[in-house]
Amino acid sequence: MRCIESNWSCNAIGIYILRQKGERIDELFSSGYQNAASPELLRLKAGKGLVGWVAKTGEPVIVPNVKQDTRYVAAREETMSELVVPLFFGTEVIGAFNLESDKLDAYSPSDLEMVTAFANQAALSITRARLIQETFEKNKIKEQLQVAREIQKSFQPSKEMKYLGYDFDAVNISSEEVGGDYFDFIPIVDNQLGVTIADVSGKGLPASLIMASFRASLIAEIRNNYAIRTILRKVNNLICESVEKGKFVTAVYGVLDMKNRIFTFANAGHNPPILLRATGEVEFLSTGGWTLGIMPEREYEERPIHIRDGDILVLYTDGVTEAESPSGELFGTERLVDMVKTNRQRSAKEMRETVVQEIIRFRDPSSQPDDLTIVIIKAI
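Take the sequence shown: its position 33, counted from the start at 1, is 33 in our numbering, and no numbers get skipped.
It is possible that part of the hints are untrue.
Stated by the list, open to error - Calculated lysine-lysine pairs in the DSS-like style (CA-CA distance at most 27 Å, straight line): (1) K103 / K48; (2) K138 / K203; (3) K203 / K259; (4) K162 / K341; (5) K259 / K245; (6) K103 / K67; (7) K234 / K247; (8) K203 / K247; (9) K259 / K162; (10) K45 / K67; (11) K234 / K203; (12) K349 / K162; (13) K56 / K67; (14) K203 / K245; (15) K138 / K259; (16) K48 / K67; (17) K45 / K56.
Stated by the list, open to error - Here are the computed distance ranges between Cβ atoms for each label pair: (18) K245 / L104: 55 to 65 Å; (19) Y226 / E134: 29 to 39 Å; (20) S366 / A74: 22 to 32 Å; (21) E134 / P296: 36 to 46 Å; (22) M114 / S367: 49 to 59 Å; (23) A220 / T279: 18 to 28 Å; (24) E334 / N224: 31 to 41 Å; (25) E113 / S367: 33 to 43 Å; (26) R344 / S366: 27 to 37 Å; (27) P206 / R346: 32 to 42 Å.
If you are wondering where the hints come from, they were derived from the structure by calculation, not from laboratory data.
Note that the coordinates shown come from a computational prediction; the quantities given were computed from them, not determined experimentally.
Glycine included, C-beta positions come from ideal geometry on N, C-alpha and C.
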């Protein structure tokens, strides 16, 4: 900037960049504004002031006497004349370069030509620096998301579930790096296994953080050996206290007594799990109470059901039943039930793979998919 001051008559210099999708222009560098009436005068809406006008129109301007130009915003009382040129990247205006002089009529067309050449080089350097910064920030975010993804993976069962008399399988597919769906198998005491599935409102990192909070609360209450209805009541209160208003969690939590073949559960506003009996009868497990995080001090009802040889229990999130075809048709609960019936002789893993493949085939490839989780438990 010293070379500019020595080559052109100027008492103040500024480089300004458009921000907020071109709605605002902010100071990137300035000199000579130590006595500015207000720092806010160096941060204006696009279109305001001579700098804002040039940034908005893309037209350079020479003003011999700023006191006679209604566009001028007085950042310096001493300024008498001004030269402003746009900063271009290709055909896009990215900001403006400004010279101010305490003399009247300080700038000529030849000054404009030379300043424009300088501005073009400055714009190129600024754009390169911004691209480097954006790339750095994107890579940093990508690394952070990968760490979050690894943490989220660690929440899921780390090994294949094998219990005599049962066949387990489950999958969680996030639509983004991290998501708001969750499932788990939680050993409690001998022959008792906690089974849970949950879906947090929203997607991505915010949803995954709420999910992590839900998981921590749930496991903490399970360790206290509370009844299922009490666990959900306490978890609901914790979510109401810790999660911002408008965010919520739907969940099913149950305990499978594998020796006595009893599944005791409560449903907190979640998609009702499907129980396909060996006889072909279908039950939907909806007993429970309110969605978690809506209102504190809610009561939950729990229900025990007997599991018999050949019965199949399917827990899932709305990413399964609300998968949408190109024509707008939903995959739906009925189609899911039919697929379970059709594939009931297969292993839990084969059944799960078949269902997921059909959902992927069914849904619109151009749409943003939801997180998808499905848990299958077969009594054998």
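Status of the hints after comparison with the structure:
1. K103 / K48: holds, 23 Å
2. K138 / K203: The hint holds at about 19 Å.
3. K203 / K259: violated, 38 Å
4. K162 / K341: holds, 23 Å
5. K259 / K245: Roughly 42 Å between the alpha carbons, so the hint for K259 and K245 is violated.
6. K103 / K67: holds, 12 Å
7. K234 / K247: holds, 17 Å
8. K203 / K247: holds, 11 Å
9. K259 / K162: holds, 14 Å
10. K45 / K67: Between K45 and K67 the Cα gap is close to 21 Å, so the pair holds against 27 Å.
11. K234 / K203: holds, 25 Å
12. K349 / K162: OK: K349 and K162 at ~12 Å, within 27 Å.
13. K56 / K67: holds, 21 Å
14. K203 / K245: holds, 16 Å
15. K138 / K259: Between K138 and K259 the Cα gap is close to 51 Å, so the pair fails against 27 Å, i.e. violated.
16. K48 / K67: Measuring from Cα to Cα gives roughly 16 Å; hence the hint holds.
17. K45 / K56: Roughly 10 Å between the alpha carbons, so the hint for K45 and K56 holds.
18. K245 / L104: 55 to 65 Å: Between K245 and L104, where Cβ atoms are some 59 Å apart, the hint holds.
19. Y226 / E134: 29 to 39 Å: Violated, at about 49 Å.
20. S366 / A74: 22 to 32 Å: violated, 53 Å
21. E134 / P296: 36 to 46 Å: holds, 43 Å
22. M114 / S367: 49 to 59 Å: Between M114 and S367, where Cβ atoms are some 53 Å apart, the hint holds.
23. A220 / T279: 18 to 28 Å: violated, 39 Å
24. E334 / N224: 31 to 41 Å: Once the Cβ atoms are compared, 39 Å apart, the range 31 to 41 Å for N224 and E334 holds.
25. E113 / S367: 33 to 43 Å: violated, 52 Å
26. R344 / S366: 27 to 37 Å: holds, 33 Å
27. P206 / R346: 32 to 42 Å: holds, 37 Å
Violated hints, listed in ascending order, are 3, 5, 15, 19, 20, 23, 25; each of the other numbered hints is respected by the structure.
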